[in-house]
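J.: Below are the chains, spelled out letter by letter.
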Amino acid sequence: MADGPLIVQSDKTLLLEIDHGAADDCRRAIAAFAELERSPEHIHTYRLTSLGLWNARAAGLDAESVIDVLLRYSRYAVPHAILIDIAETMARYGRLRLETHPVHGLILSTTDSAVLEEVIRAKKVQPMLGKRIDSETIQVFPSERGRLKQSLLKLGWPAEDMAGYVDGQAHPIELHESDWKLRPYQRLAAEGFWHGGSGVVVLPCGAGKTLVGVAAMSLAQATTLILVTNTVAARQWRNELLKRTSLTEDQIGEYSGSKKEIRAVTIATYQVLTTKRGGVYAHLDLVDQHDWGLIIYDEVHLLPAPIFRFTADIQSRRRLGLTATLVREDGLEGEVFSLIGPKRYDVPWKEIESQGYIAPAECIEVRVNLTDAERLLYATAEPEHKYRTCATTRTKGAIAKLLLEKHKGEQILVIGQYLDQLDTLSTEMGITLITGNTPIKEREELFQGFREGEINALVVSKVANFSIDLPEATIAIQVSGAFGSRQEEAQRLGRILRPKADGRTARFYTLVARDTVDQDFAQNRQRFLTEQGYSYRIIDADDILIGDIEL
Amino acid sequence: MSPTLRPSRSLADELRARSDENLQELFSARPDLLSPLPTDITALAARASSSPSIARVIDGLNSWEIQVLEILAVLPQPLTIDSLLAVADTNAAAPYKKFLTLALIYVDEDQIRVLNSVRDTLGPEPAGLGPVGLGDRKRWIKKIEEAPASAKAMLEKLTWGPPRGSVSDVKRPTSTVSWLLENQLLTPVDNQTVALPREVGIYLRGNRVHKERLDTPPSYAGKALTREDVDSAAIGAVLEILHHIEELLHFWAGEPAAALRSGGVGVREIKRASDELGLEEKYLIFIAELAYISGFVGVHNEEEFLPTPAFDIWRNRTLEERWVEIVNNWLSTSRVAGLVGKSERGYIAPLGPEIDRCAISHLKKVTLNLYAEITPNAVDIGALAERIKWERPRKAFGSHHDFVHWIAREAQWLGLTGRNALTSFGAALLQGEELTGMEQLLPKEIDYILIQADNTAIAPGPLQVDLAREMSLIANIESKGGATVYRLSEHSIRRALDNGRSSEEIKKFLAKISKTPLPQPLEYMIADIGKRYGKLRVGISFSSYIRCEDEALVAAILADKKLAHLQLRQLSTTVLMTEGDTHEAIDGLVESGYFPALEDRDGALVARKHERARTKVKPRPPRISGDLATPSDDLINAALRALRAGDKAAAHRKSAPVAAGSPSETMATLALAIKSKATVAIGYADSDGGVSERVIEPIHLIAGILMAYDHRSDEVLRFSVSRISGVAIVE
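Residue numbers (the working numbering), protein chains in the order written: chain A, 81 to 631; chain B, 146 to 876.
Because the hints were derived from the structure by calculation, they are not lab data. It cannot be assumed that every hint is accurate.
Unchecked claim - Derived pair list, reagent style BS3-like, types lysine-lysine, alpha-carbon separation capped at 25 Å: (1) B:Lys706 / A:Lys466; (2) B:Lys652 / B:Lys625; (3) A:Lys234 / B:Lys416.
Only chain A is shown next, with the shape it has when bound in the complex (with noise of 0.2 Å):
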C-alpha cells in the first residue's frame, strides 16, 4: 500500500496512524503479533518482539501472514532485515513441543533433532530432563514443567506445551445474566484466554476485569482458586461471584490472615500465600495439595515473587492472570509471560472508553507553590526527604479544601501516600479517614455508606490503590504518591473510570508542587497514561485561589 496507515521502524517498532481510513483493519491485523506500546492521540506504537510473534504463532499465525500484514499495511519500504527476522525468529517456535506419551508421560519432542541436542547440552536444562527415549524425543520430569518452559525461552527455543491441562475437581458454575450482559469484549477475553489455555488479559481499571474471571470461571466449570491482593479485594470478588453466578455462600471460602476456608471456589489473598513460618511457607499446601481446574491470579502486575515460585510447579493447571497494565516497576513481565502465559486479551484504554464502557476522565495537574519557609526547608533537606517535604505543602491542602467544595454533592476520593498529610487533611476537612489500619468491618461499611451515597467525600491511603469497587466516586484528588510509580497513577484513575449513570466525566486531579521533584515524579507517572491516550491539563493554584477558572 503506497498509502497505508502503518510505519515499519527498523528498531522493530511499528507506527500506527489511527486517523487514517485502513487505521482499524491495521491494528486488528497487527494486534495478532505486536504488543501496543504506547497509544496517545494521533500514533499508536507496537512493537515487535520474539514474544510476540512466538504468540502469534500459538495462535496459528505463520511468519508468511505476518510478513503479509506489514507489507499489505505499510507505507514505506519495510526493512528487510525484520522480514528476516520475524521468519526467523517465528520458525523458532514449535521445534520443541511438549507432550504428553501414553508411557513415557510427559516428554520434549522436537522436529530437529539439532536443537534438541542444543537443548538438551544447556547446563541449566539438563537436570530437568530424564532418559533419552529416541533421537526426537526425551523424557521430561513433570514437576519441572514450569521451569523447563522458563530455560527453553531463555535459550531462544520456546517449547510449545501441548501437555494439555488437568480438568481439576468439576463444579457447575453458571452465569446468571439476568438484569446485566457480559460486555462482548468481556467474552472476547474470557474465549481468548480459554482457547490459548493459560494467559493474561489485559483490560483498564473499570472495565469489569472481575467478570472477566467470572466468565472464565463459568467455561472451565470446575473448582477455583483466587489469588488477590489483600482482604478487602477478597470479600469484592466474593459478592460479584454471588451476584452474577450460580455459586452459593457455601461454596466460596475466604482464605487470608483471619480465616482459613476451603471451598470449591476459594479467594486467598497474595499475603497469606508468602506468609513463612519457620522459613517455610506455611499455607503453600492450599495451591499444590487441591485438585483446581483453575486459578485466577487479580492484579498480575503485583504478583510477588514467591508466587511465580509456586506457579512454576502448577503448570498442568489453567492459569488466569488478570491486570490494568502488564507494566511491572520490577521488570519481571518476561516471568509474568512464561510462568502464567502470553497475554491473551488487550484492548487501549480510550476504545473501551470510546464505547461507553468506562467513564470519560479528565487529568488535570494543579501546580501549587511552596511557601518561602517550604522552599528553604526543601532546598536544605536530604535527599531521601526532599520528596515527602515538598509533597506535603500545606498549600496542598488548601487546594484540596477549594476542589472540595467546588465539586460539592459529587463522590469524591482524597488520595494520598503520607499518613500525617492524610491526617491533616481529613481533620482539617472533617472528611473520614481510610487506611490499613482502619479494621476491615469498618472499612467496608464505610465504603458502603459511599456506594450508597450516604457519605460524600472518603479521604484514603494507598490501601485504595487496588480492587475497591466504589462506583459512583467521579472525583478522585490525589495529594502525594509512590514517587514515580506508573502503575499506581493507572491504577487511581481506575477508582473513578466505571461508567457513571448520568454519563458525566469523572476528574482526576493531581496537586504538584511546582519546581520540585514532585512534578518530576508527576511527569513520569503520567507517561503511563498518555500513552494510554489520556491528555494532562495543567492549571495553576493560584487560579484556583482566585476562583479565576472554569472547572
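Given the coordinates of chain A, assemble chain B onto it according to the supplied hints.
T.: Chain B in isolation, oriented as in the chain A frame:
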C-alpha cells in the same frame, strides 16, 4: 614435410597486421598492455607475452576457458583448429576466438601457436598431464595393448594425474617400472621420479584431456521477483545504512574509539558501539569499515578514532549522492570487512591492517555481474558461490564460499540488492549511470510533525533536512526508519537552550511545524525550563563562580552532596565560588538537575555549543587492487595512434640484417653465404612468437633445414628456413 619458403610469423607480426578495431578490443580486454604505453608494436608484443600480463589474463578466464586453453597447451604440434575441436568440442570455438583476441595464441598459416608464457603460467603439468614424451606413437600404442597386468594397473593410476610416481632409484627400477621405461610409457624425471608422458596420458584418457567437461556454467537463479519487490525491499536498507554511518560517527565523535597499538579498533570498542546503537556487531564492523574506506574516520594523535571533515562534507550531500559515494568506495576497496574477527593468527581488528585482499574488488564485479544477468530475479547464494568458483577458478581468494557470502551480505546491507536480487538503482550504478533513479523511490520529504500528549513528536516520513536538524537539537530521537520518533524532554530542551535557542523560539518552532496543537503540559515544560534556565549563572573572573538571585536555590546547591566535588564556598547569599572550571561546574549542576547557564564577564549569556570532535588527518586507506580500470575509447585510440607511429619509426631504425625479406631473397642470400663461407645475420622466429637476431655461418641447406655455426652458442645448430624472417651478409 616439404620445405616451406615462408618465414615464420611472430606475435609482433600478428599484432601489427591486426585491424585497429581488433587492437582496440585487445586493449580494452587487457588494459595493462597500455600502462605504461609501449613504444612500438614489438614492445607491445613483448609486454603481451610477459608472464605477469599473461597470468592476469588467465586469472580472468572461466573454468571452461581454462580447460580449452589447457587442451591447446598439451596437444602436440602441428596444432590446428581441427585438432582442437576433435579433442574439445564445438563449444571450444568461442574460447578459441577469445584467446585469439586476447593474443594468448595466434595463428601462423593454419597452425595455432600457443605463447610459451601461457604454457608456463598453466604450470608444468597442465590438466594433470606429464612432460612431452619422445617415443614413437604407433610403437607405444602397441605396447600398451601388450602390457602386463601390473604395468596396466600402474598406467591406470597415473592416467588422471598426478602423472608422477616415486621410485627408490631410477637406475634400479622394479620390473614393472623397468618395462614401462623401456617401452617409453614412462619417462624419468629425476633420480626418484618417473612420469607418464603427455601423449600417453591423453591416449589413455581416451583421446581426451579432461575427465569432466566444464562447458556448462552452473545455474544460480533463485526466486522470481519483480523490480518493485526488489527495490522496495532495498530502499529501506539504503536509508538505514546512511543513517547508521552517521550515528556511529556521531557516537565516536562524542566517545572516540581507542586505537589499538597494532592498528584498528578493539573488540570492546565495537561491542560498546553496537550496544549503544543497538546494531548487530557484524553489521557495525561493516559500517565502520565503510566509513574508514570513505575517509570519514581516522586516527587522531595515534590514540583514537575520530570523524574527519570529509564526513561533514559527505553528510551535507543528497541521499543519492551519499549512497553512490559509499557504494563506489565499497566496490573499489581492497579491504574485506568479513575477515574481521577471530582467526588462527589471533584477532583481526576492524579499521586495522591485515584485511586487504587485492582480488576482492574483481570478485565483487564478477558477483554483481551475475546478479545483473538475472535481475530482477533473486540469486541462490549457495549456488552463486559455486558459479563464482566456475567463473574464476584460478583467482586466489581463499574460500570462495566465505567471500561470496560476504559480498552478498554487504550488498544487501548497502541496498545494492534486496531479497537477494539486484535493485534497479544498483544496476544503474554498476553501469556507471549518473542518476540511479533512486530519488523517485525514496519517500517524499515532509515538513510537519505530530506532537502528542506523551511528549513524543512523530515525523511520519523523512523530515526536511533543516527541520530535522532543528528537531534533533530540541528533542531526542527514539526511533528511526521511515518515520522518526522524537521525545521532548527536559534534557533535550535544555540542550537547545544551551545552543542559543530561547524557550519562546522553541515553542514557536514546534507550533509552526506541528500539525497537531501543542499539548498544554509541553508548553508548560518548555516555559518552565526557560524560566529556570539562566537564573543560575556560571561564569569566570578570577576563578569560576555560580550566582543566582534566588537565595534558596543557592542554599540548596551548597547543601547538595552530589556537588561536593566542586568544593563550593559561599561568598555571599547569592554567589558561590568553585575550585573546578566552568565546564566542570556546569556539567555537575546539570547532572544534579539544575539549570545553569554560562555567562561572560559582562553577565551576558553565552551559548554553550556542544563541540564536535574531528580529526584533521587524511586517513583514507590505500587500495591494493590488481584490477585496472577499463581504459576509455579515447585513451585507446590515442594509444593506438602512438603505437602505429612508434612502429613506423622503429622500422626505419632497424639495421639491414634483420629486415624481413621475401622467401626467395632469403634462399638466395643463404646460398650465396654458403658458397662464399660468409657470416650472416638472420632474424629467427622462436616458438614464442618473438624474433631474435642470430649471427651464424651457414654450412649447408637441405630440405628447408639450414645447418649453421651459431656464434652465440658456439655450436652447430639446425635452423628451419621457414622461421628465418630475414637474412643479411655481415661485412
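J.: If any of the earlier hints don't hold here, list their numbers in rising order.
T.: The structure breaks none of the hints.
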